[in-house]
Amino acid sequence: MTQYILRRLISLIPVLIGVSIVVFALIRMIPGDPVTVMLGDRARLEDIERVREELGFNRPIHEQYIEWMGRVVRGDLGISIINRTSVARELRARLAATLELVLFGLLIGVVVGVGIGIVSALRRNSWIDLTATVGALLGVSMPIYWLALIAIYALAVNRQIFPPSSRIDATFMVERTTGFMLIDTLLMGNFAYFRNALWHLILPATVLSTTVMPILARLTRASMLEVLRQDYVRTAEAKGLRPRVVVIRHALKNALLPIVTVIGLQLGGLLGGALLTETIFSWPGMGLWTYRAILSRDYPIVQAVVLVSATIYVLVNLLVDISYAYLDPRIRVQGSR
Amino acid sequence: MTTNAAAAADLFAQVPERQSRGLFRDAWRRLMRSWNGRVGLAVILLTLVVGLAAPIVDPYDPTIDSNLAIARQPPSWEHPFGTDRLGRDVMQRIIHGTRISLLIGFVVVFVSGSIGTVLGLISGYSGGFVDWLIMRMMDVLLAFPAILLAIAIVAVRGPGLTNTIIAVAVVGIPGYARVVRSMVLSLRERDYVDAARMIGVSDAAIMFRHILPNSLSPIIVQMSLGVGGAIIFAAALGFLGLGIRPPQPEWGAMIADGLPFLRQAPNLVFFPGMAIMITVLGFNLFGDGLRDALDPQLRD
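Keeping their order, the protein sequence lines are chains A and B.
For the first sequence, my numbering begins at 1 and goes up steadily by one.
For the second sequence, my numbering begins at 1 and goes up steadily by one.
Bound-form chain A, shown alone (with noise of 0.2 Å):
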């Protein structure tokens, strides 16, 4: 096992190298001169220096490179443009935001789209299967953020149950401990703002998680079917068990493996998913600080929350391996071959 995770520890590396290097040459394929693009034609000369200066683009690009890498190893990933404050820090507190969103919503999709698979499966060609057919086809085939805007107005708007925007009620005051604001108003003990923060996350959360709950609950009924014609499924019934230990323990345990692998595939998906929600639902996470900061073109802030999205996912695919790899011996013993 650790022989494996090491070979697909190392087989990290050249992709990675290769998303510093996209990210790097992001802002060098700015037409004409970055700078000036960056700064706007009104720029003062000696502004316009003093960036060039700090982005290092007066230097040869094998160096700029380096340089930079070096850097973001360390954990500065740069100035921003318009504010001047540290990006990497700025993008901390946005980090725990969006993950907050994402996993709210994959753990909705999650939950709802396997169970709408299994039922699917069990109850093959029903009423419930069909309407699970459509609802998911119509869930791939719409705009994310139009939905959102539907849900808002039909939910906040016309009907005023959800909050149409941002985390928690402004009046609130919060301790930032973890960032995740469900976790750090169970830290305060009140309950209160904790039902409060839940009541602003369930909206974008249950739009964001329609990303990924059509793909899970088609997968889960498809696996599911496959796992039900099994021969170790028809002993278990055959020997008296009652059907739901054996949906249970027998289907759903083999069922959800190729699940676990979709997961972390959808993670991208999600992320980019949760950039255009954020947006609608003024949640102050990566993808509201991305989309601001392409408006005003503050590129740091751009190249930064790229390279991180992309090496959270690579991570994510990794550790989804790895589990995969420790949950079904086969994967493992293929893979030294």
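One or more of the hints may lead you astray.
What the hints assert, rightly or not - What follows is a list of derived Cβ distance ranges for each label pair:
{"no.": "1", "chain 1": "A", "residue 1": "Tyr324", "chain 2": "B", "residue 2": "Leu23", "range": "52 to 60 Å"}
{"no.": "2", "chain 1": "B", "residue 1": "Arg38", "chain 2": "A", "residue 2": "Arg176", "range": "50 to 58 Å"}
{"no.": "3", "chain 1": "A", "residue 1": "Glu49", "chain 2": "B", "residue 2": "Phe129", "range": "40 to 48 Å"}
{"no.": "4", "chain 1": "A", "residue 1": "Thr261", "chain 2": "B", "residue 2": "Leu185", "range": "16 to 24 Å"}
{"no.": "5", "chain 1": "A", "residue 1": "Ala25", "chain 2": "B", "residue 2": "Tyr192", "range": "39 to 47 Å"}
As the list claims (entries may be wrong) - A few chain B residues that face chain A, going by a derived Cβ cut-off under 10 Å, partial list only:
{"no.": "6", "residue": "Val49"}
{"no.": "7", "residue": "Leu52"}
{"no.": "8", "residue": "Ala53"}
{"no.": "9", "residue": "Val57"}
{"no.": "10", "residue": "Phe144"}
{"no.": "11", "residue": "Val156"}
{"no.": "12", "residue": "Leu240"}
{"no.": "13", "residue": "Leu242"}
{"no.": "14", "residue": "Phe270"}
{"no.": "15", "residue": "Gly282"}
Hints are computed from structural coordinates only; laboratory data are not their basis.
Just so you know, even glycine gets a beta-carbon here, dropped at the ideal spot from N, CA and C.
Start from chain A and add chain B according to the hints.
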């Protein structure tokens, strides 16, 4: 000789016609028997007709279209989807926006499909370092959340049709490359490829004339599903103000345009979104149907 041929033709005429007429015709027949294939195709044909006929039936210039006297009217007989903040007919703009979305969808799939296919062919066929290098490059592209990468590309290159197409196409390349490579890996060892190599057929000819035609099915499926994905992506860029810019009637940009009036005039947001959803649904249904039709074993 002639009598022989005539006799043979006569003989064949007596043999009952075989059911199978080649992979693609069989697949077509299966596709037309499946509900998703039929519905998908109907939606696609409808959008194509709308997109192609719109400028002929109703010449439209978005740059001069505005009539503030009828701004933000609710849906009515005269304006079934209402009018926007400049008094433009929303239905008319959605109809003309069909062209933009279809154009982006098809061009993106063509560009990323061809580049990805060639990369996948080279990667799978040559193996070794070339394979390693191309696949790591694809891994790098896949490591970015797709929409974020597309946004980053248009953010640095600027908005507009060409940059939107470039951004969305780049994101799609690895998918094709991986599918084609895995097909090539399984086809490379076939006897007919060995035979071709032995009689001295060049590598390029083997790749494009022998391997590619046999790996077309998954490429076609990927492409038909890719059109919908490209349309959604491009609309997201338009919505963020990074893709096609107003006054062009791009659906995503239209949603963004209606956003400030969500409370008073939700129709401005609702209808362009429906247009995106129905079009993408059409391509997704068709792609699903096609996948089942081309590989019947895959079904359930």
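Handout entry: Hint status (Cβ of Leu52/B to nearest Cβ of chain A, threshold 10 Å)
Key = Leu52/B check fails; min Cβ-Cβ to chain A is 22 Å, beyond 10 Å.
Exercise for the section: Given the range 39 to 47 Å, decide if the beta-carbon distance of Ala25/A to Tyr192/B lies inside it. Expected result: With Cβ atoms ~42 Å apart, the hint holds.
Problem - chain A contact restraint for Val156/B - C-beta distance below 10 Å - result: OK, holds: Val156/B within 10 Å of chain A, min 5 Å.
Problem - Consistency of beta-carbon spacing, Arg176/A to Arg38/B, with hint 50 to 58 Å - result: Since Arg38/B and Arg176/A have Cβ atoms about 55 Å apart, the given range 50 to 58 Å holds.
Practice task
Using Cβ atoms only, decide whether Val57/B comes closer than 10 Å to chain A, and label the hint accordingly.
Solution key: 27 Å, violated
Practice task
Against chain A, run the beta carbon of Leu242/B and see if the smallest gap drops under 10 Å.
Solution key: 7 Å, holds
Handout entry: Evaluation of the interface hint that places Ala53/B against chain A, nearest CB under 10 Å
Key = 24 Å, violated
Handout entry: chain A contact restraint for Leu240/B - C-beta distance below 10 Å
Key = Constraint on Leu240/B satisfied, holds at 7 Å.
Practice task
Double-check Phe270/B for me: the hint is only fine if its C-beta lies closer than 10 Å to a C-beta in chain A.
Solution key: The hint holds - Phe270/B has a Cβ within 10 Å of chain A, the shortest such distance being about 7 Å.
Practice task
For Thr261/A and Leu185/B, compare the CB-CB distance with the range 16 to 24 Å and indicate the outcome.
Solution key: 20 Å, holds
Handout entry: Per-residue hint verdict: Phe144/B, partner chain A, C-beta under 10 Å
Key = 5 Å, holds
Practice task
Go through the hint on Gly282/B and say holds or violated, using the shortest Cβ distance to chain A against 10 Å.
Solution key: With Cβ-Cβ at 8 Å, under 10 Å, it holds.
Checked against the numbered hints given earlier, this structure breaks hints 1, 6, 7, 8 and 9; the rest are met.
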